[in-house]
Amino acid sequence: MTSSNNPKKHWFALKVFYNKVFAIEEVLLKKNIECYIPCETVKVLKQDGTKKNVRKPVINSLLFFHSETYIAKEIQNIFIDKVILYTRQIDFKKVPLVIPEKEMNIFMLVTSSGEKGMEYFDTDNPKFYQGDRVKVIDGAFKGAEGYICRIKKNHRLIIAIHGVCAVAISYIPQSFLKKMP
Numbered sequence: 086m087t088s089s090n091n092p093k094k095h096w097f098a099l100k101v102f103y104n105k106v107f108a109i110e111e112v113l114l115k116k117n118i119e120c121y122i123p124c125e126t127v128k129v130l131k132q133d134g135t136k137k138n139v140r141k142p143v144i145n146s147l148l149f150f151h152s153e154t155y156i157a158k159e160i161q162n163i164f165i166d167k168v169i170l171y172t173r174q175i176d177f178k179k180v181p182l183v184i185p186e187k188e189m190n191i192f193m194l195v196t197s198s199g200e201k202g203m204e205y206f207d208t209d210n211p212k213f214y215q216g217d218r219v220k221v222i223d224g225a226f227k228g229a230e231g232y233i234c235r236i237k238k239n240h241r242l243i244i245a246i247h248g249v250c251a252v253a254i255s256y257i258p259q260s261f262l263k264k265m266p
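First residue of the sequence shown? That's 86 in the working numbering, and the numbers climb one at a time after it.
Each hint can be trusted.
With a Cα cut of at most 30 Å, we get these calculated DSBU-like pairs of lysine-lysine:
#1 Lys264 / Lys220
#2 Lys141 / Lys94
#3 Lys167 / Lys179
#4 Lys141 / Lys128
#5 Lys227 / Lys187
What follows is a set of in silico ranges between Cβ atoms, one per label pair, in the way DEER data are often shown:
#6 Asp176 / Leu130: 49 to 59 Å
#7 Pro258 / Ala108: 36 to 46 Å
#8 Arg173 / Ala108: 24 to 34 Å
#9 Gly202 / Val180: 32 to 42 Å
#10 Lys131 / Asp217: 45 to 55 Å
#11 Gln174 / Gly199: 32 to 42 Å
What the hints contain is simulated information worked out from the structure, not anything from laboratory work.
As the structure is a prediction and not an experimental result, all values here were calculated from the model.
Just so it is clear, CB atoms sit at the ideal spot from N, CA and C, and this is done for glycine as well.
Based on the sequences and whatever the hints tell you, model everything.
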């Protein structure tokens, strides 16, 4: 799951318009830019009656890519009116939002697991950070870190990329969790 060890490369996120997330991914891959789209595989019925497996984004219009900061800015300019690069404000100036490597690796571990019953949120929600910070010490999500939060009367583990999105894992046994300081 980890990316190349180039210290100048970081993870960035794009909001993609017009359901073109796979088209943008294809262009970036041709430029040798590593991409990640949180997807699930679903069966679709073709016109001839056969079923086909297709990738379906679990968070609409969201694409992550791994590059240097100047390339992230270029991507925003190349795909003007097609994407928005997630940014943050520093000294009254918008700069690309750098997603920490550890946070991205945990997010990829969880979203690529294929587990059922996960809930996805396309924006950061402050209520997700009210619970205890925990680390998963066993099971399919071993190594994941997040917050315990109540959603629809159930305790859920929230894995978030601050400022971009979050995923709620359906159920993890209490014995698999270790409270973090």
